[in-house]
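**Q** Protein chains in written order, with our numbering: chain A, 3 to 137; chain B, 2 to 111.
Just so you know, these hints were derived from the structure itself, not from any lab. As the structure is a computational prediction, the values presented were derived from the model and not from experiment. Hints are supplied without guarantee of correctness; some may be wrong.
Unchecked claim - Not close to chain A: a few residues of chain B, all C-beta gaps over 12 Å, as computed:
#	residue
1	Ala45
2	Phe75
3	Glu109
Stated by the list, open to error - Derived DSSO-like pairs: lysine-lysine, alpha-carbon spacing no greater than 27 Å straight-line:
#	chain 1	residue 1	chain 2	residue 2
4	B	Lys72	B	Lys99
5	B	Lys66	A	Lys42
6	B	Lys99	B	Lys9
7	A	Lys20	B	Lys99
8	A	Lys19	B	Lys107
9	B	Lys107	B	Lys9
10	B	Lys66	A	Lys20
11	A	Lys20	A	Lys39
12	B	Lys9	B	Lys66
13	B	Lys72	A	Lys39
14	A	Lys77	A	Lys88
15	A	Lys42	B	Lys11
16	B	Lys72	A	Lys42
17	B	Lys9	A	Lys36
18	A	Lys42	A	Lys77
19	A	Lys77	A	Lys19
We treat Cβ as the ideally placed atom computed from N, Cα and C, and that holds for glycine.
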Amino acid sequence: MMIFYDVDRDYAEVFFKKEENYGEPLSDIVTVFKSEKTDKTIGYGFEEASRRLFENDLLSSGVKLAALLRIVRAKKGLTQEQAAEKIGNITFRHYQRLEAGEENPTLSTIESIMAAFPDTDFSLILKQPNKARVA
Amino acid sequence: MSYITSVKLKDYQERDIELSDDSWEHIRESHPEITLEDIRLVLADPLEVRECPRQSFVELFYQTKAHPEGKPRFRVVVVKVLTNGLFISTAMTTVAMKEGRTLYRKGEVL
């Protein structure tokens with residue numbers, strides 16, 4: 003999985019596959035990216051990402067957590083290494099895997115992440131439309 | 002794989018526009034159909050430039066892209082106009098131009 007976040011625009015893209023693709027508007031906020039070969043969905047783009055990415059059923063909670071980590075890290079201007087250090091009890095590689103959505107965190111890892119970023123509402127990843135935005 | 006640290010490109014108004022390593026890496030990974038040459042050409046000779054409807058500091062540079070079955074396709078380069086310069090956010094293929102104030106249209110005086 004690939005997550006891109008532009009902090010100036012509060013714009014994020016989440017891709018599940020590397021393939022030639024094209025974007026189609028799903029709404030004025032969400033773009034769906036489809037494979038040029040198969041027309042199957044391989045990614046999404048979100049304007050106002052720190053809120054809108056979490057207000058839909060398009061992404062799983064695991065993907066939302068990965069995106070949330072990416073957004074929070076960008077807003078705080080941290081490298082992945084610095085984010086891992088701030089969380090404390092995880093390695094750089096472990097953090098990379100979490101942000102890439104390659105690993106499900108344990109409860110103790112989630113607790114450490116929440117403690118490292120106390121101003122972030124991690125319940126966003128479980129919430130449905132019209133909830134709070136990332137601090 | 003080809004990595005760049007940051008390149009400066011010129012748009013149709015001869016403005017400097019920076020493409021950072023991060024943005025280029027994202028474009029290579031998520032929009033592999035877009036080349037650096039495509040980006041250079043869209044900026045230098047766009048069909049149309051529109052202001053992003055949601056964010057007035059963002060300009061969308063469009064150029065048509067041929068499709069083997071004749072489906073509508075555009076290349077779009079998304080440029081942020083910030084106080085410290087102009088920067089490419091991303092570039093992609095899209096089926097239509099977004100609504101928004103037209104800043105430039107090729108061959109027309111607006």
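**Q** Which numbered hints turn out to be false for this structure?
**A** Hints 2, 8, 15, 17, 18 not satisfied by this model.
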